[in-house]
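Listed here are the chains, written in short residue letters.
2 protein chains.
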Amino acid sequence: MQISEKKINFANYFDFMDNDLKYRRLRVQKLLSEAGADACIITTNVNIYYLTGKVFTGFIFLPAEGEMLCFVQRPVVIEDEFTIQIRKPEEIPAILENREIALPKTLYLESGQITHLEFLRLEAAFHPQKTGDATSVLRTARMIKSPWEIEQFRISAVCHSKAYSEIAPLFREGMTDIEFQIEIERVMRRNGSIGIFRAFGGNMDIFMGSVLTGKNAETPSPFDFALGGAGLNPTVPIGACGEKIEIGNSVMVDMAGNFTAYMTDMTRVFARGKLPEIAYKAHNLSIAMHNRLMSEAKVGTSCADIYKFSLEMAENEGLVEYFMGTRQQAKFVGHGVGLEINEPPVLTPRSKEILEPNMVFAFEPKFVIPGVGAVGNENTYLVSNNGLEKITKFDEEIISI
Amino acid sequence: MQISEKKINFANYFDFMDNDLKYRRLRVQKLLSEAGADACIITTNVNIYYLTGKVFTGFIFLPAEGEMLCFVQRPVVIEDEFTIQIRKPEEIPAILENREIALPKTLYLESGQITHLEFLRLEAAFHPQKTGDATSVLRTARMIKSPWEIEQFRISAVCHSKAYSEIAPLFREGMTDIEFQIEIERVMRRNGSIGIFRAFGGNMDIFMGSVLTGKNAETPSPFDFALGGAGLNPTVPIGACGEKIEIGNSVMVDMAGNFTAYMTDMTRVFARGKLPEIAYKAHNLSIAMHNRLMSEAKVGTSCADIYKFSLEMAENEGLVEYFMGTRQQAKFVGHGVGLEINEPPVLTPRSKEILEPNMVFAFEPKFVIPGVGAVGNENTYLVSNNGLEKITKFDEEIISI
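Same order as they appear, the protein sequences are chains P and E. Be aware that the first sequence starts at 26, since it is given in this note's numbering, and climbs by one per residue. Be aware that the second sequence starts at 26, since it is given in this note's numbering, and climbs by one per residue.
Source of the hints: derived by calculation from the structure; they are not laboratory data. Each hint should be verified, as a subset may be incorrect.
Note: identical chains are not told apart, hence a pair may lie in one copy or across any two.
[As the list claims (entries may be wrong)] List of simulated lysine to any residue pairs, SDA-like, C-alpha gap at most 20 Å: (1) Lys113 - Phe357; (2) Lys415 - Met168; (3) Lys47 - Glu340; (4) Lys269 - Arg215; (5) Lys79 - Gln353; (6) Lys356 - Pro100; (7) Lys155 - Leu142; (8) Lys47 - Pro259; (9) Lys79 - Ile231; (10) Lys79 - Asn258.
Bound-form chain P, shown alone:
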């Protein structure tokens, strides 16, 4: 399982990568065709990386049929048939015409990611008859992971578990949540975390992940993450706030596993001394939810049903008032992961999505116990034809510190 320990044959590896990029490109082209688009222009880091395996400042021209062209502003590149250095996007239409490539009548742009001004500029440069939304096309394509992408998750998961195994010994008597988090961040980085936490949506500001303890776990957040916390400064109101970790507190550690471009999401709970019984009951219920997910969910399972059985189980155990928060309760129990931490599908009561092969998603049924902290695990799962595979493997019990 430990891909990172396999010996890689690099000649084969680059073939693999190359085929994989072709597969991803073809997926996007198929979706473009189905949507009636002639072409799309891609200019966001995340989608450029998806289509090329690298990041540059510039524009990808991807027609529904035909060759993909990369128009690069920065860095300076060696030009080839498919890579052209430009200064500004307005140069692209003339270059296409010189190559006898028809300008797209229906052009898809990343309307859900690029700014309104960027959209207007591209629209003016290409003056298509019609525009459409490439953001949803790319998010749909990216929802089903390719073989190379799945391998990247496995590498992230192994590093993620390794880093988490180093957490407990970091705790020192008298530490605050943020002091503990800083040591955890260091261990994540030393295990290869690239640091950057990519999320879809402009306002999801968070730094590496979240460490919550005590009453701070109840603090509602302005963000669409599962839990809140006051944060260190009103400018980033999420996560650790300088609260001392006391005996009888849980410490929930939810750091993004960004050891490759593909993030695993994993939460584990640590505790000082003995917690109240209700905390163990809630934590065990979270484990039971994961077990039920593993045994029941498969290709075809409705994402809304996963939310529903989780809520039902919380209700049956009388723990619903603590489920996914107290003062503010998140209305989801999981989400797709990938190049961004919040990809489709979403596990909400009204989700229309079903599990499909090669989706990768995080399931995070959590409880906030007032005065104690948060409990419950989060794991990342791969949907395969044989059911779910849990890829984030690490002790699931509450770990003493």
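Go by the hints and put chain E onto chain P.
Using the frame of chain P, we list chain E on its own:
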């Protein structure tokens, strides 16, 4: 000078903060009036923080004249006359009408920050006769800092210097750039860094800052930062890449000073053993550029002239081929800083901006010496009526490690 060591009278402090928010709001309202806007809708974290001192998910309605209203989606808030909980932006127009507030005919939206789809949604909800760009209004307002904001920079600068004073002892024989950077990150965090690195523009992905050594300093970057570096992974191609720090290498440390919401920018150079003479010559030239800036620049100085004298000095010393990079050279020597690391003004050859009182900007004349690394300092300056004040104070010579 060390604000963080002053005893704060909190009653006065909140008055101060309150007056300051009023001042910032009035600045924006004045610019809206001048632009002919009836109102703007603000929904990005950075501008919400600027206008309220907090972050929420929702919308600020700020008319060119009259009271500001906050429409909050998350977190759950206590409503008052000026704070209203909503589920979606489409509710806002009816609430305004109920309060007998005229719907804006000319509505400014953050076109340079919100996505095209967000723009369309707000436009459909308010159906104004005309729209305009609130992004440039807010960036113009934010360019001139208020008294409270200037105090925040001073607090950041003190912590920044303190953290930098702890860097040299962190070096251990055999370390790579990333190993050294991880220890620097920890020290930044322990001194209060909030971690998040806010930049204007969707594609400016970077983690906390950059540590460059040896030949990696020459690697061109896709990003609009002063220097490059290959990074750890093609998905974030900037900064440290795992290169060993060898004798005869410089190590340029350029970490964002985000100890408050207002970032100071400061670069210092460390070195192992003796560097080639040209490295010291270039570093001393950078110091001379800073000295010239301090002695010549004042209210009214053209930002383009600062670029021009820097380039001239590099030419006169025969160092222009190393100035701001080698294979790819940045065409700026500085930039405004604030809630984002790249605010106006910009110090470019064609900048039309002039220095105005209470601007805060970073000046970073740097050189890349092939095989050695990068040299040159960066400091953050406040423009006052008495000239420039350097707020990032720390040893400027190359520091041995």
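Here's how the hints hold up against the structure:
For a Cα distance limit of 20 Å, the shortest separation of Lys113 from Phe357 across copies, 18 Å, qualifies, whereas the shortest one inside one copy, 42 Å, does not. In this homomeric assembly, Lys415 and Met168 come within 20 Å of each other (Cα to Cα) only inside a single copy, at 17 Å, whereas the closest approach across copies is 49 Å. For a Cα distance limit of 20 Å, the shortest separation of Lys47 from Glu340 qualifies neither inside one copy, at 47 Å, nor across copies, at 47 Å. In this assembly of identical chains, the alpha carbons of Lys269 and Arg215 lie at most 20 Å apart only when taken from different copies (15 Å versus 25 Å within one copy).
Taking the shortest Cα distances, Lys79 and Gln353 sit within 20 Å of each other only across copies (18 Å), while inside one copy they are farther apart (39 Å). For the homomeric pair Lys356 and Pro100, the shortest alpha-carbon distance between copies (13 Å) is at most 20 Å, but the shortest distance inside one copy (42 Å) is not. With identical chains, the CA atoms of Lys155 and Leu142 are at most 20 Å apart both within one copy (17 Å) and between copies (15 Å). In this assembly of identical chains, the alpha carbons of Lys47 and Pro259 lie at most 20 Å apart only when taken from different copies (18 Å versus 45 Å within one copy).
Proximity of Lys79 to Ile231 under the C-alpha cut-off of 20 Å is restricted to the inter-copy arrangement: shortest distance 15 Å between copies versus 24 Å within a copy. Taking the shortest Cα distances, Lys79 and Asn258 sit within 20 Å of each other only across copies (9 Å), while inside one copy they are farther apart (34 Å).
Against the hints set out earlier in the document, a violation occurs for number 3 only.
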